[in-house]
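*Asks:* Line order of the protein sequences matches chains A and B. Each residue of the first sequence is one higher than the last, beginning at 1 in full-length UniProt numbering. Each residue of the second sequence is one higher than the last, beginning at 1 in full-length UniProt numbering.
These aren't lab readings, by the way, just hints derived from the structure by calculation. These numbers were taken from a predicted model, which means no experiment stands behind them. Some hints could be false.
[What the hints assert, rightly or not] Once the Cα atoms are required to be at most 25 Å apart in a straight line, the calculated DMTMM-like pairs of lysine to aspartate or glutamate come out as: (1) B:Lys33 - A:Glu90; (2) B:Lys33 - A:Glu23; (3) B:Lys37 - A:Glu15; (4) B:Lys48 - A:Glu44; (5) B:Lys37 - A:Glu22; (6) B:Lys46 - A:Glu15; (7) B:Lys48 - A:Glu6; (8) B:Lys33 - A:Glu53; (9) B:Lys46 - A:Glu22.
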Amino acid sequence: MRDAREVLKSPVISEKSVGLVEENKYSFWVNPAANKIEIKAAVEKMFKVSVVEIRTINVRGKMKRVGKYAGKTPNRKKAIATLKAGDRIENFAGL
Amino acid sequence: MSVSVENVEKNVVALQVTVEAEKFADAVNQAAKNLAKKVNVPGFRKGKAPRRLVELHVGQAALYDEALDHVIGPAYAQAVQETGINPVDRPDVELVQIEEGKELIFKAKVVVRPEVVLGEYKGLSVEQDVASVTEEEVIEELKGRQQQHARLMIIEDGKIEEGDIVTLDFEGFKGDEPFAGGKAEDYELVIGSGTFIPGFEEGLIGAEAGKNIDVNVTFPAEYHSAELAGQEAVFKCLVKKIQRKELSPLDDEFAKDVSEFETLDELKNDLRNKLMKIAESKVKDDHLKAIISKVVDNASVEIPEVMFTQRINEMFEELNTSLIQQGMNMDQYYQFTNSSEEIMRERLRPQAVESVKRDLVLEAVAKAEGITVTEDEVNEGLENLGERFKQDPASLKQSLLERGQMEFYKQSLIQEKTVNFLVEQNA
Chain A
1 MRDAREVLKS PVISEKSVGL VEENKYSFWV NPAANKIEIK AAVEKMFKVS VVEIRTINVR
61 GKMKRVGKYA GKTPNRKKAI ATLKAGDRIE NFAGL
Chain B
1 MSVSVENVEK NVVALQVTVE AEKFADAVNQ AAKNLAKKVN VPGFRKGKAP RRLVELHVGQ
61 AALYDEALDH VIGPAYAQAV QETGINPVDR PDVELVQIEE GKELIFKAKV VVRPEVVLGE
121 YKGLSVEQDV ASVTEEEVIE ELKGRQQQHA RLMIIEDGKI EEGDIVTLDF EGFKGDEPFA
181 GGKAEDYELV IGSGTFIPGF EEGLIGAEAG KNIDVNVTFP AEYHSAELAG QEAVFKCLVK
241 KIQRKELSPL DDEFAKDVSE FETLDELKND LRNKLMKIAE SKVKDDHLKA IISKVVDNAS
301 VEIPEVMFTQ RINEMFEELN TSLIQQGMNM DQYYQFTNSS EEIMRERLRP QAVESVKRDL
361 VLEAVAKAEG ITVTEDEVNE GLENLGERFK QDPASLKQSL LERGQMEFYK QSLIQEKTVN
421 FLVEQNA
């Protein structure tokens, strides 16, 4: 099992993710190689909360080009953790 | 909100204002909302970012700045009202405590209207001069009329005399060479008007109509053209026409011609009455000024410098508006009068000092005597004003209210009443 710090990279800071906090759902950018079980364990360990459900989305990197050079931003994986009712993560995304 | 007042120096007051913690917190939240609409936080549409993120983005200082803009203004205004001070300048604000969740405390230092210590202002018995008109003044006036109504007669065969209007062609020569600007045709010249260089007009005296005459002149040493200054020249002139002012004799006939009166004596009487009225109003005016200046001199007041500066600024404003109406601007005015803003300020200063002091003293007198104006008096004043400017009093009132100048108008009425009061008391 991967270490929690290797799994969770950063919170997702966006209007949508902030809105989801209302529903007790917290979004993170995670290591694309990590699976839901690892993510669940990592969130529980790091924030001392109980996770009910993890959903993940693979976010394909974007094609970028600078002049004639084509490139690609990395693929990322987003995970949305639903916490047990009553649990919350303090200070999520600077909130 | 609570306020405490402290006198720092003469005419300077420090207000310590405490704003409730809640009120300040509200303001900060509101400020965050306002700022959120302006800043772009990635991941959020404008105005949608949460407060904490906005704060992280713009920094706490910017957030507080914005909040203070909305808190201090109203709080200061309220504090001024509660304490009843009379500021004449913008306050110097210093923050004592600024922290969210705690009370906001700030200190506002401001210059206030000075206290006027009135001296004696009643029963000063200022002498009023007696208005008088002398016989000479009437005659002088009559002669002015005579000049105004003079007829121009063409002199066919006669010689030029002082005061004649002469039409002539002329060309100037220096030696044998004509010089630039020395030539004109059908030029109308009033002999003795001093339009031309000295010697020219005199040289024409005695010339006859329809004849040529050479006038020898010497250009003055300080003549504007260096080429001609101090040089001798000859003007070859052709006198085309001589006109002379024919003065009607001062008799009943003249009176009939220029006025609605039948006889010269009646006209004289009328002129005397008119002159008397002017003299009377001048005497009255002088009397009034003398009373006011005495009252002002008797009072003592230490006026803060800003009040002068403000008055000078107002004067500048007025000057500027009147210049624009004449189609000029400040810069051109400076050029004409060979001055600059600093010089003008220095020049306007004594006037400003006097008028500020006068206003303050009159205000103090009004206050001491309880002089106020009623709504009716205001309306009456507006009617008079409307008549003078041919405007509807109601719309005049409307425009005064809209521009927030009703107070000023009332003040001016009070001042007027105060002046009348002073005249009554010191007659």
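*Asks:* Each hint: holds or not?
*Replies:* We went through each hint and held it up to the structure:
Between Lys33 of chain B and Glu90 of chain A the alpha-carbon distance is near 23 Å, which keeps this suggested pair within the 25 Å criterion. Among the hinted pairs, Lys33 of chain B with Glu23 of chain A is consistent with the structure: their alpha-carbon atoms are about 23 Å apart, no more than 25 Å. At most 25 Å may separate the alpha-carbon atoms for a hinted pair to count; Lys37 of chain B and Glu15 of chain A meet this at roughly 14 Å. Proximity of Lys48 of chain B to Glu44 of chain A is assessed by CA-CA distance (about 30 Å); at most 25 Å being required, the pair is judged violated.
Annotation: proposed proximity of Lys37 of chain B to Glu22 of chain A holds, straight-line Cα distance about 22 Å (limit 25 Å). Using a Cα cut-off of 25 Å, the hinted pair Lys46 of chain B and Glu15 of chain A holds, with the two alpha carbons roughly 10 Å apart. Of the supplied pair hints, the one linking Lys48 of chain B and Glu6 of chain A is violated, its CA atoms being roughly 32 Å apart against a limit of 25 Å. Between Lys33 of chain B and Glu53 of chain A, the direct Cα distance comes to roughly 34 Å. Violation of the 25 Å bound is thereby established for this hinted pair.
The straight-line distance between the Cα atoms of Lys46 of chain B and Glu22 of chain A is roughly 20 Å, inside the 25 Å bound, and the hint therefore holds.
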